[in-house]
Amino acid sequence: MGLFKKTPEEKTAVTRMHAADKALNDNSDRERKDGITEETPEYQRLNRAANEAADQVSWWHGGTKRGH
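Position in the sequence shown (first residue = 1) + 2 = this note's numbering.
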């Protein structure tokens, strides 16, 4: 397998990371539109989920996981 090719597990993790990022961004847009300027419990929950998802993805593929 090449250096930049993803395993099926990595592809799944990347998909989960993108979904978590989208949920966080959609929520942020909605809260901003509603005039909410502080971090809500929902924002904090989604942010934590996005960070946890990024921890499962190699930094080569856009996540924060270092090494193997």
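No wet-lab data here; the hints were simulated from the structure.
The C-beta atom is built at its ideal place from N, Cα and C for all residues, glycine as well.
Treat the hints with caution; some may be incorrect.
Unchecked claim - Quick list of in silico lysine to aspartate or glutamate cross-link-like pairs, DMTMM-like style, CA-CA up to 20 Å:
#	residue 1	residue 2
1	K13	D23
2	K7	E41
3	K24	D36
4	K67	E12
5	K24	E41
6	K13	D31
7	K67	E54
8	K8	D36
9	K8	E44
10	K67	E33
11	K24	E54
12	K35	E54
13	K67	D23
14	K24	D57
15	K13	E44
16	K13	D57
17	K67	D57
Unchecked claim - Now the in silico label distances, taken between C-beta atoms and shown as ranges:
#	residue 1	residue 2	range
18	G37	K7	30 to 40 Å
19	K67	D36	14 to 24 Å
20	P10	T39	39 to 49 Å
21	P10	E33	32 to 42 Å
22	T66	Q46	14 to 24 Å
23	S30	W61	34 to 44 Å
24	D36	K7	37 to 47 Å
25	E11	G37	22 to 32 Å
26	Y45	H20	35 to 45 Å
27	K7	K35	38 to 48 Å
28	I38	K13	31 to 41 Å
29	R34	G64	18 to 28 Å
30	I38	T66	23 to 33 Å
Does D57 sit within 20 Å of K67, going by the straight-line distance between their CA atoms? With a Cα-Cα distance of about 5 Å, the restraint between K67 and D57 holds, given a limit of 20 Å.
Can you let me know if the beta-carbon spacing of P10 and T39 is within 39 to 49 Å? 41 Å, holds
Is the hinted range of 34 to 44 Å satisfied by the C-beta distance from S30 to W61? Cβ of S30 to Cβ of W61: about 23 Å, so the range 34 to 44 Å is violated.
Check the hint pairing K24 with E54 against an upper bound of 20 Å on the C-alpha distance. 14 Å, holds
Sort out whether D57 lies within 20 Å of K24, counting only the CA atoms. With Cα atoms ~16 Å apart, K24 and D57 stay inside 20 Å; holds.
Outcome for the supplied range 14 to 24 Å, where the beta carbon pair is K67 and D36: 34 Å, violated
Whether the CB-CB distance between I38 and K13 falls inside 31 to 41 Å: Since the Cβ atoms of I38 and K13 sit about 35 Å apart, the hinted range of 31 to 41 Å holds.
For K8 and E44, compute the direct alpha-carbon distance and say whether it is at most 20 Å. 32 Å, violated
Would the hint linking K67 and E33 be met if the CA-CA limit is 20 Å? Measuring from Cα to Cα gives roughly 29 Å; hence the hint is violated.
Is K24 within 20 Å of D36, Cα to Cα? 18 Å, holds
Tell me if the straight-line CA distance from K67 to E12 falls inside 20 Å. Roughly 11 Å separates the two Cα atoms, so the pair holds.
Kindly confirm whether 14 to 24 Å is satisfied by the beta carbon distance between T66 and Q46. Holds - the Cβ-Cβ distance for T66 and Q46, about 18 Å, lies within 14 to 24 Å.
Checked against the numbered hints listed earlier, the structure breaks hints 2, 6, 8, 9, 10, 12, 15, 18, 19, 23, 25 and 26; every other hint is satisfied.
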